[in-house]
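Asks: These two chains come separately, so use the hints to put the complex back together.
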Amino acid sequence: MTSLGGEPQASLTVGSELGELARVSAWVHDWAEGQRLPPRVALNLDLCSTEVVTNIMTHASSQGAQNIFLRLGWQGQDVALEVEDECGEFDPRQVPEPAPATSIQDARIGGWGIPILRRFSDGLRYSHHDGRNCLTLLFRASAPP
Amino acid sequence: MDLRSEQLADGVEKISLVGRMDSIGGHDINVRLSALVANRKLLAVVDLSEVSFLASIGIRTLVVNARAQSMRGGVMALASPQPLVAEVLKMAGIDTIIPVYPDVDSACNALMAGAGSR
Chain A
1 MTSLGGEPQA
11 SLTVGSELGE
21 LARVSAWVHD
31 WAEGQRLPPR
41 VALNLDLCST
51 EVVTNIMTHA
61 SSQGAQNIFL
71 RLGWQGQDVA
81 LEVEDECGEF
91 DPRQVPEPAP
101 ATSIQDARIG
111 GWGIPILRRF
121 SDGLRYSHHD
131 GRNCLTLLFR
141 ASAPP
Chain B
1001 MDLRSEQLAD
1011 GVEKISLVGR
1021 MDSIGGHDIN
1031 VRLSALVANR
1041 KLLAVVDLSE
1051 VSFLASIGIR
1061 TLVVNARAQS
1071 MRGGVMALAS
1081 PQPLVAEVLK
1091 MAGIDTIIPV
1101 YPDVDSACNA
1111 LMAGAGSR
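Going line by line, the protein sequences match chains A and B.
Using this note's numbering, read the first sequence as starting at 1 and increasing by one per residue.
Using this note's numbering, read the second sequence as starting at 1001 and increasing by one per residue.
Bound conformation, chain B alone (with noise of 0.2 Å):
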């Protein structure tokens, strides 16, 4: 899997992850986007239009950074899932628990709302 994050204008920051989140990538992926997001408060915004396939590990890898950040008064929403990731993460009930939203600029837009009515 490849991870590339970009700070956005409007503070937020994007994180795009890149591949398959099973097992192997899964538990890559883990670490280096633990390592963004869980020492620092962020409006961050997870792009998962280029993973292709998540299994259960991806799951965990979602959940416990979004309560990380969720800790730290942050926080991390999903966006642009392809079909198959958007049943998994229904299936799971992660979209009633970690803001899933359909492209980037809505989830920033909901963020940044979000954020001003803090």
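For reference, chain A alone in the conformation it holds in the complex (with noise of 0.2 Å):
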């Protein structure tokens, strides 16, 4: 994992099981606590994490992948989440926005997680290197305390 640009930072490794959510929002309220940040940045936090990692998740059972790596700090005055996983690439940057529904008859029922993505976040950076794929989403907040 590329190395964020300030203190303090926090890292956490979760299985692919769905029942790991839980503890993946409560590592990310307990640093954003500590960082002092704002109420509304903690929940895009809780959100895009959420999103990224039950994405890692649906598809980790059938490509063999097993653990999910998270890390928390700061570049800047950003917060940074970097998500790493071993399932095959997967580059969301390059997913198309979905069409606006125009009636309930016709509204998908699924694929809104990226685009929570791009919404609840201010922006996505992403590489694949050593089988892995590196999420980086970036947070605009107060500088560190």
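Derived from the structure by calculation, the hints contain no laboratory data.
Do not take every clue at face value.
Claimed, not checked - From the structure, some residues in chain B lie toward chain A, with a derived Cβ separation under 8 Å:
1. 1024
2. 1049
3. 1053
4. 1060
5. 1064
6. 1070
7. 1072
8. 1084
9. 1088
10. 1092
11. 1097
12. 1098
Claimed, not checked - Distance windows between CB atoms, simulated:
13. A:58 <-> B:1009: 38 to 44 Å
14. B:1027 <-> A:67: 18 to 24 Å
15. A:130 <-> B:1008: 42 to 48 Å
16. B:1114 <-> A:98: 25 to 31 Å
17. B:1004 <-> A:34: 45 to 51 Å
18. B:1091 <-> A:90: 18 to 24 Å
19. A:11 <-> B:1112: 49 to 55 Å
20. A:39 <-> B:1008: 52 to 58 Å
Note that CB positions come from ideal geometry on N, CA and C, so glycine has one too.
Replies: Here it is, written out as structure tokens:
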């Protein structure tokens, strides 16, 4: 995992079972509280981390991936959430935006995870190296305490 | 997640959801919500005031059940979303296909007015 630009940092490794989501959320909120992040930034972090990790968990079992590696830290004025997994190469930035629904009958029921990442973070970076996907999400916040 | 339902005096079914609509809570609540709304025609208001979190799995739950209700000739509306939940609904355009009201009373009034005009 590449190093983040500032201190303090936190890291967490979870398995690929959905039951681990609660641990991810608790970890995010604990860190956000320790950094005195505005509540709204903490909520955005929680929402985006949940979407990223859920998406990985959905594909992990069929691809033999077992662990998900998360890190939180600062990059200048931004909070950076890094998520690495060992699933097949997948760049979420390449996924097109879904067409807006025009009626309840034709509304899509899935595929909203990546639009949520785009809307509720302030930047996405992606790389693939050593057999791992590495996604970094940035969240605008004040400087670290 | 928790789900509570009650029949209001005007015949509207009020369904209150409580908790996080993520992949854990959302799955459980989808089964229980479907059991309530998918098999009979209703005027249903889903009170979201105690839903603190709406992930993409929660969008799926709301769309699937609103669609099922629509196909039966009923209406499922949403009421009282918290700010983050309201933003997720707006981002996905759900607020243009499922009516969203600021509170349960205004949702009930709108559903009753709509039922009267049909």
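Asks: Indicate, hint by hint, whether the structure satisfies it.
Replies: Hint check results:
{"no.": "1", "hint": "1024", "result": "6 Å, holds"}
{"no.": "2", "hint": "1049", "result": "16 Å, violated"}
{"no.": "3", "hint": "1053", "result": "7 Å, holds"}
{"no.": "4", "hint": "1060", "result": "5 Å, holds"}
{"no.": "5", "hint": "1064", "result": "6 Å, holds"}
{"no.": "6", "hint": "1070", "result": "5 Å, holds"}
{"no.": "7", "hint": "1072", "result": "12 Å, violated"}
{"no.": "8", "hint": "1084", "result": "5 Å, holds"}
{"no.": "9", "hint": "1088", "result": "7 Å, holds"}
{"no.": "10", "hint": "1092", "result": "5 Å, holds"}
{"no.": "11", "hint": "1097", "result": "5 Å, holds"}
{"no.": "12", "hint": "1098", "result": "7 Å, holds"}
{"no.": "13", "hint": "A:58 <-> B:1009: 38 to 44 Å", "result": "43 Å, holds"}
{"no.": "14", "hint": "B:1027 <-> A:67: 18 to 24 Å", "result": "23 Å, holds"}
{"no.": "15", "hint": "A:130 <-> B:1008: 42 to 48 Å", "result": "58 Å, violated"}
{"no.": "16", "hint": "B:1114 <-> A:98: 25 to 31 Å", "result": "28 Å, holds"}
{"no.": "17", "hint": "B:1004 <-> A:34: 45 to 51 Å", "result": "35 Å, violated"}
{"no.": "18", "hint": "B:1091 <-> A:90: 18 to 24 Å", "result": "22 Å, holds"}
{"no.": "19", "hint": "A:11 <-> B:1112: 49 to 55 Å", "result": "54 Å, holds"}
{"no.": "20", "hint": "A:39 <-> B:1008: 52 to 58 Å", "result": "33 Å, violated"}
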